[in-house]
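So the protein sequences, as listed, match chains A and B.
For the first sequence, the residue numbers in the numbering used here are 21 to 429.
For the second sequence, the residue numbers in the numbering used here are 72 to 195.
Check each hint, because a few of them may be wrong.
Claimed, not checked - If you want a taste of the chain B side facing chain A, the calculated C-beta under 8 Å gives, among others:
{"hint": "1", "residue": "99"}
{"hint": "2", "residue": "101"}
{"hint": "3", "residue": "149"}
{"hint": "4", "residue": "150"}
{"hint": "5", "residue": "158"}
The hints are simulated quantities; they were obtained by calculation from the structure and are not laboratory data.
Even for Gly, the Cβ is constructed at its ideal location relative to N, Cα and C.
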Amino acid sequence: MVSTSFLARVVCRISAGLLLACLLILLSPEWVHGQDFRQGYIVRNGNDTLRGLIAYRPGKKGFRECLFKSSKKEKSTRLSPDAIEAYGLTGDAEFVSATLPPDFHKQGKVFIRKLVQGPLSLYVYRGTFVVKKDTLVTLPRLKGNSIKVDGRMVYQENKRYVGLLNLQLQDCSMSANTTKYTGKELTSLVNNYNRCKGQMALIKAGNRPGTRVDFQAFGGFLQSNLTVNYLSRNTFSPSKTVFGGIGMDISSPRSNDKLFVSLEAFYVKSTYQGYYEAPYNGDQMRQDIYLNVSFLKIPLGFRFNFRGTSNTPYFRLGIAQSFILTKSDRTLQDRVASNGVVQSDELVGGYRFKNPLGVWGAVGYQKSISSRIAIFGEFRFERSNGPVGTPIQPFSHVVNYNAICGIRY
Amino acid sequence: MNRFAFFCLVLILLSCTKETITNREYPRVTTMEVTNISSAQAVFHGDLFFTSVAVTDYGFVWSNNSFPEINTSPRRSLGSTTTAGPFEATIQGDLIAGKEYTVQAYAISTGFVVYGKVVKFTSQ
Numbered sequence: 021m022v023s024t025s026f027l028a029r030v031v032c033r034i035s036a037g038l039l040l041a042c043l044l045i046l047l048s049p050e051w052v053h054g055q056d057f058r059q060g061y062i063v064r065n066g067n068d069t070l071r072g073l074i075a076y077r078p079g080k081k082g083f084r085e086c087l088f089k090s091s092k093k094e095k096s097t098r099l100s101p102d103a104i105e106a107y108g109l110t111g112d113a114e115f116v117s118a119t120l121p122p123d124f125h126k127q128g129k130v131f132i133r134k135l136v137q138g139p140l141s142l143y144v145y146r147g148t149f150v151v152k153k154d155t156l157v158t159l160p161r162l163k164g165n166s167i168k169v170d171g172r173m174v175y176q177e178n179k180r181y182v183g184l185l186n187l188q189l190q191d192c193s194m195s196a197n198t199t200k201y202t203g204k205e206l207t208s209l210v211n212n213y214n215r216c217k218g219q220m221a222l223i224k225a226g227n228r229p230g231t232r233v234d235f236q237a238f239g240g241f242l243q244s245n246l247t248v249n250y251l252s253r254n255t256f257s258p259s260k261t262v263f264g265g266i267g268m269d270i271s272s273p274r275s276n277d278k279l280f281v282s283l284e285a286f287y288v289k290s291t292y293q294g295y296y297e298a299p300y301n302g303d304q305m306r307q308d309i310y311l312n313v314s315f316l317k318i319p320l321g322f323r324f325n326f327r328g329t330s331n332t333p334y335f336r337l338g339i340a341q342s343f344i345l346t347k348s349d350r351t352l353q354d355r356v357a358s359n360g361v362v363q364s365d366e367l368v369g370g371y372r373f374k375n376p377l378g379v380w381g382a383v384g385y386q387k388s389i390s391s392r393i394a395i396f397g398e399f400r401f402e403r404s405n406g407p408v409g410t411p412i413q414p415f416s417h418v419v420n421y422n423a424i425c426g427i428r429y
Numbered sequence: 072m073n074r075f076a077f078f079c080l081v082l083i084l085l086s087c088t089k090e091t092i093t094n095r096e097y098p099r100v101t102t103m104e105v106t107n108i109s110s111a112q113a114v115f116h117g118d119l120f121f122t123s124v125a126v127t128d129y130g131f132v133w134s135n136n137s138f139p140e141i142n143t144s145p146r147r148s149l150g151s152t153t154t155a156g157p158f159e160a161t162i163q164g165d166l167i168a169g170k171e172y173t174v175q176a177y178a179i180s181t182g183f184v185v186y187g188k189v190v191k192f193t194s195q
């Protein structure tokens, strides 16, 4: 039951953390003071290009309109697909204004993202691919449904896009039969077709990887405050220690280059020293309690960068599971009688240990020092059940304050 | 800047928590394992910790039944001291072979008689 209540507390704290994360996202500079503007350009209807700042907006908004301003101080202008020919982020995605084929059932112009430009061009609109030779042709999304054949349910896949692509590719005797409905495979196929037609395809920058893994090594200082539930709050003085570890951040730059899933592992050794005094059968009992625990700590969470650039403040939230590697406890006990006789004793093994689980949050700043390497500094707060307890009853809880610095590459 | 970073690093490393014995208004003493046990002798070991109290007497008491007591049990006094740290005493001729003994280090200061933990051994 106690374990259940602890889980409830952890869930409550995670929920609170997520709520805080949402608030932080909502209150992040881009949301308070505007969008995340990055270097880019627009192509006006007269085909002249104007450089300036374009709002980076992963998701469907980028297909609907473009937010542009010519300098940082200026107010942004909303540009519809009717107002400009195209817009793009420097070294990143380019969107062109187009009227979608009728099977989209969409009136008027929209922005579609250019993936490949050449004799055969490839675009994508909100997950649906479109090719253009003379006119835009929709490649319908892969659909699957179950149908009844001879009284049995059979799964049928609709691969209409393969036939439509084969029509486009037939003058090069190419086939799309084995091509999957993904940006990577379609880009490769269209590129090969353009090569066959004797023209190197222009593959647009911004075909960013679907998955990216950044590694990090870090070290830091940890102050850990242990409270054992049945002892007074200030029984233990804080454990102060240095630690080191490694980690990785997994992101999907194609969909969002500011959100990362973080996984870390680090070694930390904590020494908690406490003092407890209480009357006992007419004597005074005094205890010095020593708990030495070393952990392998595995924090899992996500990181949100406030800016899309390499130099950015960020915050992180997650849960952390610690695994006890070594543990020892020792109590030096003095029983002081009223006549001044003191009987000392040493007790070993009086505490039971368990692997702590907790939640954590952090704020930090990352600064790039080269194209591949960035350094970071971070302050982290963690609250978990303590290492002292039983598998079913957490006797203690821990509040940790970490100052961390490290390198990401 | 580099000096400041170095200073911070040293400060952090020095602030790392290590086990320390808390000071009391009486000396703290612990009894350690008995060594060199034979029919003729045994070597008792103890450790003394104090900072601001005067230790007027310290040493060992032992007994072959239950808890030794400073006034009634055999004891080996090492006198007064102003130095904390480990100490030992060799007991010769006072042990009966094959008997189980209990030994405790002790320290006396004004108003207190402090006994270390009980250590048992059997003479040979």
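Hint check, residue 158 of chain B versus chain A [nearest Cβ-Cβ separation less than 8 Å]: violated, 15 Å
So, residue 150 of chain B near chain A? Judge it on the closest CB pair being under 8 Å. Nearest chain A Cβ about 20 Å off; hint violated.
Residue 101 of chain B as an interface hint toward chain A, with CB separation required under 8 Å: Holds, about 6 Å.
Chain A contact restraint on residue 99 of chain B - CB to CB distance below 8 Å: Because about 7 Å separates residue 99 of chain B from the closest Cβ in chain A, which is inside the 8 Å limit, the hint holds.
Given hint residue 149 of chain B near chain A, where the shortest CB pair must fall under 8 Å: violated, 17 Å
Checked against the numbered hints given earlier, this structure breaks hints 3, 4 and 5; the rest are met.
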